Amino acid sequence: MKKGLNVSKRTARQFLLQKHYLNSAETHDFNQVFNQLECIQLDPVAIVERNHHLVLMNRLSDYQPQELESHLENKQAFEYIANAACIIPMKDYPLFESRRQHFQESWQNERHHSKETIDTILNQLHNNGPLPSKAFKSTSKVVGGWDHPEKATTKETTHVLGMLFHAGEIQVSRRKGAERFFALTKDTIPETILQEAQETPIRVLNERLVHKYLRAYRFIEGTDPRFGWQKMKAAVRREKIESLVENDTLLPISVEGVKRPYFILANDEEALLKIENNTSQTLSSHVSFLPPLDNLLWRRERIEDLFDFTYRWEIYTPAVKRKYGPYSLPILVGDKLVGRADPILNRQEKTLQLTIHYEESCHNQVRADVRTASRSFGERLGAEVTNIYEL
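The numbers in the sequence shown follow my numbering, run straight up by one, and end at 391.
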(Lines of atoms letter the chains of each structure in order from A; the text may use other names.)
(Lines give C-alpha, C1' and ligand atoms only; values in the text may rest on other atoms or scores of the structure.)
Protein backbone atom coordinates (compact mmCIF):
# COMPACT_ATOMS: atom_id res chain seq x y z
CA MET A 1 0.00 0.00 0.00
CA LYS A 2 1.22 3.54 -0.76
CA LYS A 3 2.99 5.53 1.94
CA GLY A 4 0.82 8.15 3.60
CA LEU A 5 1.14 11.00 6.10
CA ASN A 6 2.00 11.12 9.81
CA VAL A 7 -0.04 13.61 11.86
CA SER A 8 -0.68 14.44 15.50
CA LYS A 9 -3.92 13.70 17.37
CA ARG A 10 -4.50 17.45 17.58
CA THR A 11 -4.41 17.67 13.78
CA ALA A 12 -6.69 14.66 13.35
CA ARG A 13 -9.25 16.05 15.81
CA GLN A 14 -9.30 19.55 14.35
CA PHE A 15 -9.52 18.24 10.79
CA LEU A 16 -12.45 16.02 11.71
CA LEU A 17 -14.28 18.83 13.51
CA GLN A 18 -13.66 21.18 10.58
CA LYS A 19 -15.20 18.71 8.14
CA HIS A 20 -18.15 18.12 10.49
CA TYR A 21 -18.76 21.85 10.92
CA LEU A 22 -18.42 21.58 14.70
CA ASN A 23 -17.08 24.35 16.96
CA SER A 24 -16.23 26.37 13.88
CA ALA A 25 -15.86 30.14 13.80
CA GLU A 26 -17.33 30.10 10.28
CA THR A 27 -21.03 30.68 9.64
CA HIS A 28 -22.87 28.15 7.49
CA ASP A 29 -26.42 27.86 6.26
CA PHE A 30 -28.78 24.90 6.47
CA ASN A 31 -28.11 23.56 2.96
CA GLN A 32 -24.34 23.75 3.43
CA VAL A 33 -24.48 21.74 6.63
CA PHE A 34 -27.01 19.20 5.39
CA ASN A 35 -25.04 18.49 2.22
CA GLN A 36 -21.65 18.48 3.98
CA LEU A 37 -22.82 15.89 6.51
CA GLU A 38 -24.24 13.74 3.65
CA CYS A 39 -27.03 12.46 5.94
CA ILE A 40 -28.33 12.89 9.48
CA GLN A 41 -29.37 9.99 11.69
CA LEU A 42 -32.99 9.91 12.82
CA ASP A 43 -34.14 8.79 16.23
CA PRO A 44 -37.54 9.09 17.94
CA VAL A 45 -36.11 9.49 21.46
CA ALA A 46 -36.77 13.03 22.70
CA ILE A 47 -35.49 13.21 26.27
CA VAL A 48 -34.38 16.75 25.46
CA GLU A 49 -34.86 16.91 21.67
CA ARG A 50 -34.64 14.38 18.83
CA ASN A 51 -31.16 13.49 17.61
CA HIS A 52 -31.57 14.94 14.10
CA HIS A 53 -32.55 18.33 15.49
CA LEU A 54 -29.71 18.37 18.04
CA VAL A 55 -27.20 17.56 15.29
CA LEU A 56 -28.26 20.70 13.42
CA MET A 57 -28.61 22.85 16.56
CA ASN A 58 -24.90 22.27 17.23
CA ARG A 59 -23.96 23.53 13.78
CA LEU A 60 -26.48 26.30 13.13
CA SER A 61 -27.01 29.05 15.70
CA ASP A 62 -30.51 29.88 14.46
CA TYR A 63 -31.74 26.38 13.52
CA GLN A 64 -35.43 25.57 13.99
CA PRO A 65 -36.86 22.01 13.67
CA GLN A 66 -39.26 23.16 10.94
CA GLU A 67 -36.28 23.59 8.58
CA LEU A 68 -35.49 19.89 8.37
CA GLU A 69 -39.16 18.92 8.34
CA SER A 70 -39.94 21.33 5.49
CA HIS A 71 -36.93 20.01 3.56
CA LEU A 72 -38.55 16.57 3.63
CA GLU A 73 -42.00 17.87 2.80
CA ASN A 74 -40.70 19.95 -0.12
CA LYS A 75 -39.06 16.89 -1.73
CA GLN A 76 -35.53 18.12 -1.06
CA ALA A 77 -34.75 15.12 1.14
CA PHE A 78 -35.86 11.55 1.68
CA GLU A 79 -35.54 8.96 4.44
CA TYR A 80 -33.72 5.66 4.13
CA ILE A 81 -31.08 3.41 5.68
CA ALA A 82 -27.53 4.79 5.41
CA ASN A 83 -25.52 4.70 8.64
CA ALA A 84 -28.89 3.70 10.14
CA ALA A 85 -32.29 5.36 9.60
CA CYS A 86 -31.29 8.73 8.15
CA ILE A 87 -32.61 11.77 6.33
CA ILE A 88 -30.62 12.22 3.11
CA PRO A 89 -30.43 14.87 0.33
CA MET A 90 -32.87 13.98 -2.47
CA LYS A 91 -30.17 13.93 -5.15
CA ASP A 92 -28.77 10.77 -3.55
CA TYR A 93 -31.96 8.71 -3.82
CA PRO A 94 -30.60 6.63 -6.76
CA LEU A 95 -27.53 5.53 -4.77
CA PHE A 96 -29.61 3.21 -2.58
CA GLU A 97 -31.23 1.31 -5.47
CA SER A 98 -29.23 -1.83 -4.72
CA ARG A 99 -30.54 -1.87 -1.14
CA ARG A 100 -34.11 -1.42 -2.31
CA GLN A 101 -33.75 -4.27 -4.82
CA HIS A 102 -32.29 -6.48 -2.10
CA PHE A 103 -35.35 -5.92 0.10
CA GLN A 104 -37.70 -6.47 -2.83
CA GLU A 105 -36.13 -9.87 -3.48
CA SER A 106 -35.78 -10.98 0.15
CA TRP A 107 -39.42 -10.22 0.94
CA GLN A 108 -40.93 -11.78 -2.16
CA ASN A 109 -42.38 -14.77 -0.29
CA GLU A 110 -43.60 -12.68 2.62
CA ARG A 111 -45.47 -10.37 0.25
CA HIS A 112 -47.63 -13.29 -0.79
CA HIS A 113 -48.80 -13.83 2.79
CA SER A 114 -49.60 -10.13 3.29
CA LYS A 115 -51.06 -9.44 -0.16
CA GLU A 116 -54.42 -8.21 1.10
CA THR A 117 -52.84 -5.77 3.58
CA ILE A 118 -50.38 -4.52 0.95
CA ASP A 119 -53.17 -3.86 -1.53
CA THR A 120 -55.22 -2.05 1.11
CA ILE A 121 -52.35 0.25 2.10
CA LEU A 122 -51.36 1.05 -1.49
CA ASN A 123 -54.99 1.76 -2.43
CA GLN A 124 -55.46 4.06 0.58
CA LEU A 125 -52.33 6.03 -0.35
CA HIS A 126 -53.39 6.20 -3.99
CA ASN A 127 -56.86 7.50 -3.09
CA ASN A 128 -56.01 9.78 -0.16
CA GLY A 129 -52.39 10.87 -0.55
CA PRO A 130 -50.02 10.98 2.47
CA LEU A 131 -51.33 9.25 5.60
CA PRO A 132 -49.88 8.67 9.09
CA SER A 133 -49.18 5.09 10.16
CA LYS A 134 -52.11 5.21 12.61
CA ALA A 135 -54.47 5.54 9.62
CA PHE A 136 -53.86 1.88 8.76
CA LYS A 137 -55.93 -0.41 10.98
CA SER A 138 -55.13 -4.04 11.66
CA THR A 139 -56.08 -6.66 14.23
CA SER A 140 -53.59 -9.24 12.87
CA LYS A 141 -50.17 -9.69 14.48
CA VAL A 142 -47.02 -10.97 12.77
CA VAL A 143 -43.41 -11.61 13.74
CA GLY A 144 -41.68 -8.27 13.25
CA GLY A 145 -38.02 -7.29 13.27
CA TRP A 146 -37.79 -6.93 17.06
CA ASP A 147 -39.98 -9.93 17.92
CA HIS A 148 -38.93 -13.34 19.17
CA PRO A 149 -39.11 -15.75 16.17
CA GLU A 150 -41.98 -17.61 17.82
CA LYS A 151 -43.90 -14.59 19.16
CA ALA A 152 -46.01 -12.51 16.79
CA THR A 153 -46.50 -9.17 18.55
CA THR A 154 -46.11 -6.64 15.70
CA LYS A 155 -49.20 -5.16 14.03
CA GLU A 156 -49.39 -6.48 10.47
CA THR A 157 -49.90 -2.99 9.02
CA THR A 158 -46.82 -1.72 10.86
CA HIS A 159 -44.77 -4.59 9.48
CA VAL A 160 -46.08 -4.13 5.95
CA LEU A 161 -45.43 -0.37 6.01
CA GLY A 162 -41.82 -1.13 6.93
CA MET A 163 -41.57 -3.74 4.19
CA LEU A 164 -42.95 -1.40 1.53
CA PHE A 165 -40.72 1.44 2.74
CA HIS A 166 -37.51 -0.61 2.60
CA ALA A 167 -38.46 -1.98 -0.80
CA GLY A 168 -38.93 1.56 -2.11
CA GLU A 169 -42.63 1.36 -2.91
CA ILE A 170 -43.62 4.02 -0.38
CA GLN A 171 -41.76 6.94 1.20
CA VAL A 172 -41.92 9.10 4.30
CA SER A 173 -43.31 12.30 2.79
CA ARG A 174 -43.33 14.35 5.99
CA ARG A 175 -43.00 14.21 9.76
CA LYS A 176 -44.98 15.70 12.58
CA GLY A 177 -42.81 15.18 15.64
CA ALA A 178 -42.15 11.44 15.76
CA GLU A 179 -45.16 10.65 13.55
CA ARG A 180 -44.36 9.69 9.97
CA PHE A 181 -46.67 10.28 7.02
CA PHE A 182 -46.36 7.78 4.18
CA ALA A 183 -47.00 8.33 0.48
CA LEU A 184 -46.50 6.43 -2.77
CA THR A 185 -42.96 6.73 -4.14
CA LYS A 186 -44.20 8.09 -7.48
CA ASP A 187 -45.90 10.94 -5.58
CA THR A 188 -42.83 11.72 -3.46
CA ILE A 189 -39.63 11.24 -5.48
CA PRO A 190 -39.19 13.51 -8.55
CA GLU A 191 -39.57 11.67 -11.85
CA THR A 192 -36.06 12.55 -13.05
CA ILE A 193 -34.56 11.08 -9.86
CA LEU A 194 -36.58 7.87 -10.24
CA GLN A 195 -35.48 7.60 -13.86
CA GLU A 196 -31.83 7.99 -12.86
CA ALA A 197 -32.21 5.21 -10.29
CA GLN A 198 -33.71 2.87 -12.87
CA GLU A 199 -31.36 3.61 -15.76
CA THR A 200 -27.96 3.88 -14.05
CA PRO A 201 -26.05 0.57 -13.71
CA ILE A 202 -26.08 -0.77 -10.14
CA ARG A 203 -22.27 -1.05 -10.01
CA VAL A 204 -22.02 2.69 -10.77
CA LEU A 205 -24.56 3.58 -8.10
CA ASN A 206 -22.80 1.37 -5.53
CA GLU A 207 -19.48 3.06 -6.30
CA ARG A 208 -21.08 6.47 -5.84
CA LEU A 209 -22.50 5.28 -2.52
CA VAL A 210 -19.01 4.30 -1.32
CA HIS A 211 -17.79 7.81 -2.13
CA LYS A 212 -20.73 9.33 -0.27
CA TYR A 213 -19.76 7.25 2.78
CA LEU A 214 -16.16 8.46 2.53
CA ARG A 215 -17.27 12.08 2.41
CA ALA A 216 -19.56 11.54 5.41
CA TYR A 217 -16.82 10.02 7.59
CA ARG A 218 -13.81 12.01 6.25
CA PHE A 219 -11.41 10.33 8.70
CA ILE A 220 -11.90 6.70 7.80
CA GLU A 221 -10.82 3.36 9.23
CA GLY A 222 -11.31 0.09 7.40
CA THR A 223 -12.79 -2.14 10.10
CA ASP A 224 -16.22 -0.49 9.98
CA PRO A 225 -18.76 -3.27 9.15
CA ARG A 226 -20.95 -0.57 7.56
CA PHE A 227 -18.17 0.52 5.21
CA GLY A 228 -19.65 2.08 2.10
CA TRP A 229 -23.12 1.54 3.61
CA GLN A 230 -23.10 -1.78 1.81
CA LYS A 231 -22.71 -5.31 3.11
CA MET A 232 -19.04 -6.11 2.48
CA LYS A 233 -17.18 -9.03 4.01
CA ALA A 234 -13.87 -8.10 5.67
CA ALA A 235 -11.78 -9.39 2.75
CA VAL A 236 -13.85 -7.45 0.21
CA ARG A 237 -13.62 -4.34 2.38
CA ARG A 238 -9.81 -4.59 2.57
CA GLU A 239 -9.57 -5.08 -1.18
CA LYS A 240 -11.82 -2.09 -1.78
CA ILE A 241 -9.73 0.17 0.46
CA GLU A 242 -6.50 -0.96 -1.22
CA SER A 243 -7.99 -0.17 -4.61
CA LEU A 244 -9.12 3.30 -3.42
CA VAL A 245 -5.57 3.99 -2.22
CA GLU A 246 -4.02 2.73 -5.45
CA ASN A 247 -6.25 4.93 -7.61
CA ASP A 248 -5.43 7.96 -5.41
CA THR A 249 -8.93 8.34 -3.95
CA LEU A 250 -7.75 7.61 -0.39
CA LEU A 251 -4.54 8.59 1.39
CA PRO A 252 -3.23 6.49 4.33
CA ILE A 253 -2.81 8.38 7.61
CA SER A 254 -0.80 7.41 10.69
CA VAL A 255 -1.85 9.26 13.85
CA GLU A 256 0.74 9.79 16.57
CA GLY A 257 0.16 7.34 19.43
CA VAL A 258 -2.61 5.45 17.58
CA LYS A 259 -2.11 1.87 16.34
CA ARG A 260 -5.18 1.79 14.09
CA PRO A 261 -4.52 2.93 10.48
CA TYR A 262 -6.73 5.68 9.07
CA PHE A 263 -7.44 7.18 5.67
CA ILE A 264 -8.63 10.50 4.30
CA LEU A 265 -9.82 11.52 0.86
CA ALA A 266 -6.75 12.44 -1.20
CA ASN A 267 -8.25 15.82 -2.04
CA ASP A 268 -8.39 16.59 1.71
CA GLU A 269 -4.59 16.37 2.04
CA GLU A 270 -4.03 20.11 1.76
CA ALA A 271 -6.61 20.89 4.48
CA LEU A 272 -5.04 18.30 6.80
CA LEU A 273 -1.50 19.60 6.27
CA LYS A 274 -2.59 23.18 6.81
CA ILE A 275 -3.79 22.22 10.31
CA GLU A 276 -0.67 20.11 11.00
CA ASN A 277 1.65 22.96 10.06
CA ASN A 278 -0.25 25.66 11.95
CA THR A 279 0.97 24.95 15.48
CA SER A 280 0.25 28.48 16.71
CA GLN A 281 -3.46 28.37 15.99
CA THR A 282 -5.66 29.69 18.80
CA LEU A 283 -8.33 27.12 19.61
CA SER A 284 -11.99 27.96 19.97
CA SER A 285 -13.50 27.59 23.43
CA HIS A 286 -16.96 26.98 21.95
CA VAL A 287 -19.05 24.34 23.75
CA SER A 288 -21.31 21.76 22.08
CA PHE A 289 -23.55 19.19 23.77
CA LEU A 290 -23.47 16.32 21.29
CA PRO A 291 -26.45 13.95 20.95
CA PRO A 292 -25.65 10.20 21.18
CA LEU A 293 -26.06 9.67 17.41
CA ASP A 294 -24.21 12.76 16.21
CA ASN A 295 -22.24 12.13 12.99
CA LEU A 296 -18.97 12.73 14.87
CA LEU A 297 -19.78 9.82 17.22
CA TRP A 298 -20.71 7.22 14.62
CA ARG A 299 -17.45 5.29 15.13
CA ARG A 300 -16.84 4.98 18.86
CA GLU A 301 -13.37 3.53 18.14
CA ARG A 302 -12.39 6.72 16.34
CA ILE A 303 -13.50 8.80 19.32
CA GLU A 304 -11.34 6.68 21.63
CA ASP A 305 -8.33 6.91 19.31
CA LEU A 306 -8.44 10.64 18.55
CA PHE A 307 -10.14 12.16 21.62
CA ASP A 308 -9.03 9.67 24.32
CA PHE A 309 -12.69 9.52 25.32
CA THR A 310 -14.84 6.43 25.80
CA TYR A 311 -18.53 6.88 25.11
CA ARG A 312 -21.35 4.35 25.40
CA TRP A 313 -25.01 5.26 24.93
CA GLU A 314 -26.75 3.63 27.90
CA ILE A 315 -30.39 4.14 26.98
CA TYR A 316 -30.89 0.39 26.52
CA THR A 317 -28.77 -0.51 29.56
CA PRO A 318 -30.80 -1.42 32.69
CA ALA A 319 -30.82 1.55 35.06
CA VAL A 320 -28.97 -0.35 37.81
CA LYS A 321 -26.08 -1.06 35.42
CA ARG A 322 -25.72 2.45 34.00
CA LYS A 323 -22.63 4.47 34.76
CA TYR A 324 -24.30 7.67 33.54
CA GLY A 325 -27.83 8.65 32.47
CA PRO A 326 -29.97 7.23 29.65
CA TYR A 327 -29.29 10.20 27.34
CA SER A 328 -25.79 11.28 28.28
CA LEU A 329 -24.48 14.05 26.00
CA PRO A 330 -20.71 14.21 25.33
CA ILE A 331 -19.45 17.76 25.92
CA LEU A 332 -17.16 19.13 23.22
CA VAL A 333 -15.08 22.18 24.19
CA GLY A 334 -12.79 23.39 21.44
CA ASP A 335 -11.27 20.17 20.07
CA LYS A 336 -11.62 18.09 23.25
CA LEU A 337 -14.36 15.98 24.79
CA VAL A 338 -14.26 17.08 28.42
CA GLY A 339 -17.16 15.17 29.96
CA ARG A 340 -20.82 14.21 29.75
CA ALA A 341 -24.03 16.01 30.59
CA ASP A 342 -27.06 14.07 31.84
CA PRO A 343 -30.16 16.21 31.17
CA ILE A 344 -33.61 16.22 32.79
CA LEU A 345 -36.03 18.40 30.84
CA ASN A 346 -39.41 19.25 32.36
CA ARG A 347 -41.46 20.41 29.37
CA GLN A 348 -44.49 21.38 31.44
CA GLU A 349 -42.52 23.65 33.75
CA LYS A 350 -39.96 24.57 31.05
CA THR A 351 -36.98 23.78 33.24
CA LEU A 352 -33.75 21.92 32.55
CA GLN A 353 -31.42 20.27 35.05
CA LEU A 354 -27.95 19.05 34.07
CA THR A 355 -25.65 16.68 35.90
CA ILE A 356 -22.17 17.10 34.44
CA HIS A 357 -19.52 14.40 34.78
CA TYR A 358 -16.13 15.92 33.94
CA GLU A 359 -13.00 14.11 32.87
CA GLU A 360 -10.24 14.32 35.50
CA SER A 361 -8.08 16.81 33.58
CA CYS A 362 -10.83 19.42 33.16
CA HIS A 363 -9.71 22.83 34.48
CA ASN A 364 -11.75 25.68 35.99
CA GLN A 365 -12.04 27.87 32.88
CA VAL A 366 -13.51 24.96 30.90
CA ARG A 367 -16.04 24.34 33.67
CA ALA A 368 -17.03 28.02 33.61
CA ASP A 369 -17.45 27.88 29.81
CA VAL A 370 -19.63 24.76 30.14
CA ARG A 371 -21.85 26.43 32.75
CA THR A 372 -22.38 29.42 30.46
CA ALA A 373 -23.10 27.15 27.49
CA SER A 374 -25.53 25.11 29.61
CA ARG A 375 -27.78 28.13 30.04
CA SER A 376 -27.68 28.88 26.31
CA PHE A 377 -28.51 25.23 25.62
CA GLY A 378 -31.53 25.50 27.89
CA GLU A 379 -32.71 28.65 26.12
CA ARG A 380 -32.59 26.89 22.75
CA LEU A 381 -34.76 24.14 24.20
CA GLY A 382 -37.19 26.75 25.52
CA ALA A 383 -36.27 26.04 29.13
CA GLU A 384 -34.54 27.70 32.05
CA VAL A 385 -31.59 25.86 33.58
CA THR A 386 -32.51 25.59 37.24
CA ASN A 387 -29.69 23.36 38.45
CA ILE A 388 -26.22 22.35 37.25
CA TYR A 389 -24.67 19.55 39.29
CA GLU A 390 -20.94 19.13 38.65
CA LEU A 391 -19.22 15.85 39.44
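For the record, the hints were derived by calculation from the structure and aren't laboratory data. Remember, predicted model here, so these are calculated numbers, not experimental data. Keep in mind that the hints are not guaranteed to be accurate.
[Unchecked claim] Dumping the calculated DSS-like pairs for lysine-lysine here, alpha-carbon to alpha-carbon at most 27 Å: (1) K176 / K155; (2) K141 / K155; (3) K75 / K233; (4) K233 / K212; (5) K3 / K137; (6) K75 / K212; (7) K3 / K259; (8) K9 / K259; (9) K350 / K336; (10) K75 / K91; (11) K155 / K137; (12) K176 / K137; (13) K2 / K274; (14) K91 / K115.
The hints, checked one at a time:
no.	hint	result
1	K176 / K155	holds (21 Å)
2	K141 / K155	holds (5 Å)
3	K75 / K233	violated (34 Å)
4	K233 / K212	holds (19 Å)
5	K3 / K137	violated (60 Å)
6	K75 / K212	holds (20 Å)
7	K3 / K259	holds (16 Å)
8	K9 / K259	holds (12 Å)
9	K350 / K336	violated (30 Å)
10	K75 / K91	holds (10 Å)
11	K155 / K137	holds (9 Å)
12	K176 / K137	holds (20 Å)
13	K2 / K274	holds (21 Å)
14	K91 / K115	violated (32 Å)
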